[in-house]
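Chains as they are written, first to last, in the numbering used here: chain A, 664 to 756; chain B, 4 to 149.
I should point out that these hints are in silico values taken from the structure, not numbers from a laboratory. Heads up, the beta-carbon is just placed ideally off N, CA and C, and yes, glycines get one too. Treat the hints with care, as some may be off.
Quick partial rundown of chain B residues pointing at chain A, CB under 7 Å, derived from the structure [unchecked claim]:
| id | residue |
| --- | --- |
| 1 | L9 |
| 2 | V11 |
| 3 | L14 |
| 4 | V25 |
| 5 | F50 |
| 6 | M60 |
| 7 | L65 |
| 8 | T77 |
| 9 | A84 |
| 10 | I85 |
| 11 | R137 |
Okay, the calculated bits of chain A under chain B, using three or more residues with CB under 8 Å as the criterion [as the list claims (entries may be wrong)]:
| id | region |
| --- | --- |
| 12 | 667 to 677 |
| 13 | 684 to 692 |
| 14 | 696 to 710 |
| 15 | 719 to 731 |
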Amino acid sequence: MIESPFAQTAIQLILLALVSLLIPASYRVIVGPTLPDRLQAVDLITTLLIGIIVLLALVEGTENFVDMAIALAAFAFIGTISIARYISEGRVY
Amino acid sequence: MPLEILGVGALLFGLFFCAVGVLGVIRMPDSLTRLHASGKVATLGLFGILLGAALLMPTAWLRLLTLGLFVLLTSPVATHAIAASVHRRREIVGELVETDAPEEHPDFSGVDVTAVLSRSRIQDIIEAQERALRQRGPEARPKRDD
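If we strip away everything but chain A, and leave its shape as in the complex, we get:
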């Protein structure tokens, strides 16, 4: 937990800005003209979510949230690779 009110307020404002960035990022998921565009926008949203989880760990003062971010990064990588292979070759393996 960060005690100083300056750092705490700044972190909360940055967290708010990062969460509000999710809304314009989901624009590309909805209107993306092709399938790889949507996949890439989902990948971008996952990257933003990793940053949000790290900032949440700062706000709460809980280090264990960073482990959650690592797990999210791992699953997002596997999902992106398999969906990219599926939409380019029609199969995953």
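Guided by the hints, dock chain B onto chain A, whose structure is given.
Frame of chain A, contents of chain B only:
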């Protein structure tokens, strides 16, 4: 206190690059330039946030370093997979992407390349020729007796 100012500065650095990357993903004209913009979020934006978090919460530096190294390894691979899917689906052909496949070169139209190319390349060539015929019109398609 100076450590906290440095940490908040690094967080603002990361937030700036996240905002620029999201703006680029919305505004850029085609898939590959949008991939370039989203790569900035994955490297500079996320690394700024991780650096700020490590400065503000120094006891968690090993976990944050692990997360940074993991993202550094996997983000280019995922971006390359998406770019390869854009290329293989032929979403962009023309000005920005030079055609590098031999089947799209006009000199190869009458050449028997079946002896040197593998089976998947032959299927690609057949698909490209059928696509070219479809663009030329339905009357140009040869009669196939199979």
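Subject >> Hint numbers not upheld by this structure, sorted from lowest to highest >> reply: 1, 5, 7, 11
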